[in-house]
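Colleague: These are the residues of each chain, in order.
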Amino acid sequence: MGDFLGYLKTNVTPGEAGNYLWATIYILIIFALVSVCVMLMTYAERKILAHMQIRLGPMRTGPHGLLQPIADALKLMLKEDIMPAEADKLVFWFAPVSVMMIAFTVYLVIPFGRTHAVTDMNIGILFMLGVSSLGVLGIIMAGWASNSHYPMMGALRSSAQMVSYEIAMGLAIISAVLMTSLQTGTGTLSMIGIVESQFHQHTWFVFSGWGLGFLAFVIFAIAMIAETNRAPFDLPEAESELVAGFHTEYSGFRWSLFFLGEYTAMIAVSSIAVTLWLGGWLRPFPNALSGNNWDTAFNLLPGLTFVGLSLWCVIGGFRMPKIRQLAIQRIGLILFGAFLGLIGLVMLAPGVRERVQDIYWFAMKVSVFMFLYIWYRATFPRYRFDQLMHVGWKVLLPTSLGVLMGTALWGVLR
Amino acid sequence: MSDAKIYSQLESISSSEKPFLDSSELILNMGPQHPSTHGVLRVVLKLDGEKVLGTECVIGYLHRGVEKIAENRTYAQFNPYVDRMDYVAAVSNGLGYCESVEKLLNVVAPERAQHIRVILTELNRIASHQVWLGTHALDIGAITPLFYTFRDREEVLKIFEKYCGARLTTHAFRIGGCQYETYEGFEKECLKFCDFVLPKIDEYEELLTTNRIWIERTKGVGVITAEECIALGATGPVIRGSGVRWDIRKAQPYSGYQKFDFDIPIGTAGDTYDRYLVRIEEMRQSVRIIRQAVEALPEGPIMAKVPKVLKPPVGEIYHSIEAPKGELGYFIVSDGSTQPYRVRVRPPSFVNLQALDLMVRGRLVADVVAVIGTLDIVLGEVDR
Amino acid sequence: MPDETKGNDQPSPVEAGGNAAPERPATPAPPAKPAVPPAAKPAAPAAAAPPKPAVPPKAPVPTPQPWESALVTRLKGQYGSGIREASTYLGQNYFVVDPTILTDILRILRDDERYDYCVDVTAVHYPKREEAQFEVIWILYSFAHNTRLRVKTQIKEGQEVPSSVPLWPTANWLEREVFDMFGIQFTGHPDMRRILLPEGWKGHPLRKDYDILLQDKEWVQINLGIESGQ
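Protein chains in written order, with the numbering used here: chain A, 1 to 414; chain B, 1001 to 1384; chain C, 2001 to 2230.
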C-alpha cells in the first residue's frame, strides 16, 4: 500500500515504487496544479492577446487584472445552466465531463521530473496517444446531444480534423522514439526513458539527426495545434461562421468544463513535445556544463526568476499613479510582488533549490509553447476546412513518413 | 409564410447530378443576427454538405423609408438623412447629395469648398476602407488587424470631430458649399495624418498580404469576371478588382477631382485577394489626393450664393459619385417647390449584393462569409 | 474652374474623361456630345469684381430642350412616334418612349449603342396626371462612350411593363424594389415579390396616396379586435 515517509527516501516514481498512497497524492496535486495553470493560461491569453492588439486587456479586477481568472471562474459557476429542450440529456451531461477526464488522464504518464511523475509506464507514449484519441468521442457526443445544426456541423468538422492530424502526430512520435535506441541499441516507449536517453546522448532530440529531429518536432508542433482546435485550425469553434461550433448550446459550468478540457489538452500535448524533443526536465547543458559550480549556478535560476518577477511587480506598484481610486490596486500589486518574492527566497534556500530544478525547467519549456499558442491565435487567419484537411493529409502525412524513414536510415547508418 | 416562399425558391436548385447515394441537402439560415453578416442581413443557404448550391438574400431589416421621408422635407432638411444610409462613409453620401441638388440649382461650389470636400471625402474613404479591412480580416479569422485599423481610424474621426462636431454621421457639407470654415491647424493635421497612416497601411499589408493562410482563403474565392460585373451592375472595388479601370472620379470628374493626380488600382483575377489589394492601394492613393488637395487649398469663400429658400426649377437630375463602396447615385425630381418630389438613392451596396449568389455558387460555407466581407456592404445603404 | 455666381455657368457634367475607357478596345468614334443648353448672358461684370458689382440679370429658368444627335435620328427613324420625346435638361439626355417598344429600344441601346451598364431602374408617381400616372425610368451608362442616358416610359395604374432582366441581370433586384415601393408589375421578371418590406405588407409606400396608417389599422383590427387607435 503505502509507506508514507519511506517513499521519500527513494528516487523513483510512486508507480514504480508501488506506493498507491503517494500515487494518489501525486494525482491530486497534478489535478489541482493543472487547474491552476489553466486559470493562469486564461489570464495570460487575455493579457498577451491584448498587448499584441495594442490594448491592455483586463486591468480592473485586481491589479492589472490578476484576479480576472477568479472572477471568470465564479461567473461561470454561478451562470444559469441551460439545457436545450430537445437535447439528449444523458449524453449532454456526459460530453464535457468525458472531454475533461480524458484530457487529465494523459497526465498519468507525463514526467515533470525524474521522480515527479505518477508512474513510469513502459508504454508511456502509446498510452498517451491512445488516450488523446478518445477526446474525439467527447466532442462528437457534445455535437450530437445538442440536437441542432451548428453544433452538429462543428462536431463533425472537429472530429474529422482531430483524426486527420493524429496520424502525423503519431508518425512524428515514432521518429522520436526511434532516436532513443541510438546509443543503447534498445529504444524505449517510456516517457522517463526518452528523457534519460536524451541525457545519455548528450543532446536534445530536436537537435539530433541532422535536422530530422527538428523536422519531426515541427510536424508535431503543427499537428498538436490542430489536435487542440486552436488557431489557425479553430474552424470548429469559429465564431464568425458557426457561432461557437460544438459547444454552442453549452453555457455556464458545462462550458467551462469544455474550456478546461481544451486548455488541459494544450498543456498536455505541449508537455509531450517538451518531453520528446526538448529534453523534458533537463536543464540546458547537463553534461557539458556539469560539476558543482555549474549545478549551483543553475540551481539559483528558479529562485532568481521569482525574485525578478516580484521586483517587477513591486516596482510597477510603486510606479502606479498615486490617486485614491488606485490605492487598493497598488497595495494589492505590491503585496503580490512580496508574495512572489517570498516564494523566490524559499526557492533559493539550499535544500529546496535542487529539488525544484526539474519542475522549473519543465515549466519554462511548456510556457514557451503556451506563448506560441497565443501568438498564433493573434496572428494567423483561420484555415478553411478543406484547406485544413489538405494540410493534414497531403502535407504533414507525407512529410512525417519521410522523416520517419529518414530517421530510421540515419540510425542504421550511424 | 415568407420562409416557405424562400425555401420553395431554393427547392428548385438542386445538385447537378443525383448519384446513387443521394446526400440530403441542408438549408442553413445565416440569420439576421450573425457575427459576420455586417449588420442585419439574412442569407439562406442551400448546402450539399459544405458546398453551397444556392443562396437567397433576405434584406429590408434596416429599411427606414428614407426616400419617402425625403418627399416631406426640404432639400436642406434632408441633408442629415443621407449620412445615415452608408453610415461608415457618411461624408461621401453628403457629397453626392449636395452635388446633385447643386446641379439641379445650377450652382457650383466655390473652389475652396471643393478642396475641403475632396479632403474630407478622401479621409472618409480611408476610414471606410479601414473598417472594411478590420471586419473582413476578422471574419476570415485574423483577429488582430481589426484593432490596428480601428485604432488608426480614430485619427480620422478626430479630424472630423474637430471640423464639424460629429465623428460618424458628419453632415459635413451644405448645398452650395461647406458651412464650416476649416479650423486652426486643419491643414497641418491632415498632412500629419497622411504621414501617420502610410506606414500603418504597410503594417496591415505585412500582416496579411503575404500570409500563406490569407492567400489560401482569398485567392480564387468569389471570382467574378468583368462581363458579369457590368451585367450585374457591380461597381467600385468589385469591378476594379475584375480588371476594368473605371472610376467616376476619373471618368466623369466632380468636385475638382480632375485637378488631382492619382492612379486607379485594378486587379486581374476578380477574386477576393485582388479586391483586397485594390482597396489597400486605394487607401494609398487617397493619401496622395489629400496631400495634393491640402497643398493646393486656395483662399476664398466656402459657400456659393444660394437663396435661403431652395426652390429648384421643375426638372430631374441624376448625379453619381465614387463612394468607397461603388457608384452612389442620386436621382432627384423637383416640382418647383421647396421639397423634392422624388429622391431616389442608387445604393452601391444594394446592387453589389446581388452578385453574392453568383460569386458563392459551388463554393464552401466558409467562403460565403469571406465574400460578404469582400463586397463591403453596409446594410444601412442596402435597405435605406 | 467655377465662378461663384449662380445660374450663369453651364457646367457640363458629362465630359469624356481621358483615361476613363476600360481595358477593352476603345471606340474610335468621338463620344456623342450632348447639345449644351443655351448659355445665359455671360457674368463678366460680376466676375471682374468691380467696386460696385452690377446686379446680374435674372438668369432664365432652364427647361428641357430637344436633343439632337445621331442616336436620336436613328431611333426616331426606326420607331417614329414610339419615341415620344427626346430631350436634354441640364446636360442630361433622356428619351420618353412608348411602353410597347420599350424592350426593343432597350435592346438596341444595349447591343448597338453599347449602353451595357444599367445603372438604375426606378419610378416616380404623378397622381395628378390623367393619362399616365407612373413614370418608370432606366438610367443607362455606356463604358465605350462614357455617357449616361435615361429612358422613361409612362404607364397607367395597373399597367404592366416588360421586365429588363433578360437584358441586364442587375435589374432583378432593382425592379423588385420598384414593385415593392410602387406596385408596378414587370412581366417576365423571374421573381416578382417584395424585397425590402416583409411579405404581407399592405400598400406600396412610395405612392403619393399611400396611407401610412393602413398597415397599422389592419394589425390593430386583427390582433386587438378594435378599430384603429389613431
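Worth flagging that the hints you see were computed from the coordinates, not collected in a lab.
Incorrect hints may appear among the rest.
What the hints assert, rightly or not - Chain A is faced by these chain B residues, among others (derived, beta-carbon under 10 Å): (1) Leu1026; (2) Asp1048; (3) Glu1050; (4) Gly1065; (5) Ile1069; (6) Ala1137; (7) Gly1141; (8) Trp1214; (9) Glu1216; (10) Thr1218.
To be verified - Under the rule of at most 30 Å between Cα atoms (straight-line distance), these lysine-lysine pairs were calculated in the DSS-like manner: (11) A/Lys394 to A/Lys47; (12) C/Lys2128 to B/Lys1068; (13) C/Lys2208 to C/Lys2152; (14) B/Lys1311 to C/Lys2202; (15) A/Lys394 to B/Lys1219; (16) B/Lys1219 to B/Lys1250; (17) B/Lys1308 to C/Lys2156; (18) C/Lys2217 to C/Lys2152; (19) B/Lys1068 to C/Lys2152; (20) B/Lys1051 to A/Lys47; (21) B/Lys1305 to B/Lys1068; (22) C/Lys2076 to B/Lys1068; (23) B/Lys1219 to B/Lys1068; (24) B/Lys1311 to C/Lys2217; (25) B/Lys1188 to B/Lys1250; (26) B/Lys1158 to A/Lys394; (27) B/Lys1192 to C/Lys2152; (28) B/Lys1305 to B/Lys1162; (29) C/Lys2128 to B/Lys1259; (30) B/Lys1068 to B/Lys1259; (31) C/Lys2152 to C/Lys2076; (32) B/Lys1311 to C/Lys2128; (33) C/Lys2156 to B/Lys1311; (34) A/Lys47 to B/Lys1311; (35) B/Lys1068 to C/Lys2202; (36) B/Lys1219 to B/Lys1192; (37) C/Lys2152 to B/Lys1250; (38) B/Lys1219 to B/Lys1158; (39) B/Lys1308 to C/Lys2208; (40) B/Lys1188 to B/Lys1200.
Note that this is a predicted model, so its numbers are computed, not measured.
Using N, Cα and C, we set each Cβ at its ideal position, and we do this for glycine too.
Colleague: Next step is simple, just say for each hint if it's right about the structure.
Modeller: Right, here's what the structure says about each hint:
1. Leu1026: holds (8 Å)
2. Asp1048: violated (13 Å)
3. Glu1050: Given a least distance of 7 Å, the restraint on B/Glu1050 holds.
4. Gly1065: Not OK, violated: B/Gly1065 not within 10 Å of chain A, min 31 Å.
5. Ile1069: violated (34 Å)
6. Ala1137: holds (7 Å)
7. Gly1141: holds (3 Å)
8. Trp1214: Holds, about 5 Å.
9. Glu1216: holds (5 Å)
10. Thr1218: With Cβ-Cβ at 9 Å, under 10 Å, it holds.
11. A/Lys394 to A/Lys47: violated (36 Å)
12. C/Lys2128 to B/Lys1068: holds (18 Å)
13. C/Lys2208 to C/Lys2152: Given that 30 Å is the threshold and the Cα spacing comes to 19 Å, the pair holds.
14. B/Lys1311 to C/Lys2202: violated (34 Å)
15. A/Lys394 to B/Lys1219: holds (20 Å)
16. B/Lys1219 to B/Lys1250: Holds, at roughly 28 Å.
17. B/Lys1308 to C/Lys2156: violated (37 Å)
18. C/Lys2217 to C/Lys2152: Status violated; Cα separation ~36 Å.
19. B/Lys1068 to C/Lys2152: Distance of about 21 Å is within 30 Å: holds.
20. B/Lys1051 to A/Lys47: Cα-Cα ~38 Å, so violated.
21. B/Lys1305 to B/Lys1068: holds (29 Å)
22. C/Lys2076 to B/Lys1068: Not OK: C/Lys2076 and B/Lys1068 at ~36 Å, beyond 30 Å, violated.
23. B/Lys1219 to B/Lys1068: violated (42 Å)
24. B/Lys1311 to C/Lys2217: Given that 30 Å is the threshold and the Cα spacing comes to 36 Å, the pair is violated.
25. B/Lys1188 to B/Lys1250: holds (27 Å)
26. B/Lys1158 to A/Lys394: violated (50 Å)
27. B/Lys1192 to C/Lys2152: violated (49 Å)
28. B/Lys1305 to B/Lys1162: With a Cα-Cα distance of about 26 Å, the restraint between B/Lys1305 and B/Lys1162 holds, given a limit of 30 Å.
29. C/Lys2128 to B/Lys1259: Answer violated: C/Lys2128 to B/Lys1259 is near 45 Å, above 30 Å.
30. B/Lys1068 to B/Lys1259: It is violated: about 37 Å lies between the C-alpha atoms, which goes past 30 Å.
31. C/Lys2152 to C/Lys2076: Holds, at roughly 15 Å.
32. B/Lys1311 to C/Lys2128: OK: B/Lys1311 and C/Lys2128 at ~20 Å, within 30 Å.
33. C/Lys2156 to B/Lys1311: holds (29 Å)
34. A/Lys47 to B/Lys1311: The hint is violated at about 59 Å.
35. B/Lys1068 to C/Lys2202: Answer holds: B/Lys1068 to C/Lys2202 is near 16 Å, not above 30 Å.
36. B/Lys1219 to B/Lys1192: Not OK: B/Lys1219 and B/Lys1192 at ~35 Å, beyond 30 Å, violated.
37. C/Lys2152 to B/Lys1250: holds (28 Å)
38. B/Lys1219 to B/Lys1158: violated (35 Å)
39. B/Lys1308 to C/Lys2208: The given pair, whose Cα atoms are some 27 Å apart, holds under the 30 Å limit.
40. B/Lys1188 to B/Lys1200: holds (19 Å)
The structure fails to meet hints 2, 4, 5, 11, 14, 17, 18, 20, 22, 23, 24, 26, 27, 29, 30, 34, 36 and 38 from the earlier list, while all remaining hints are met.
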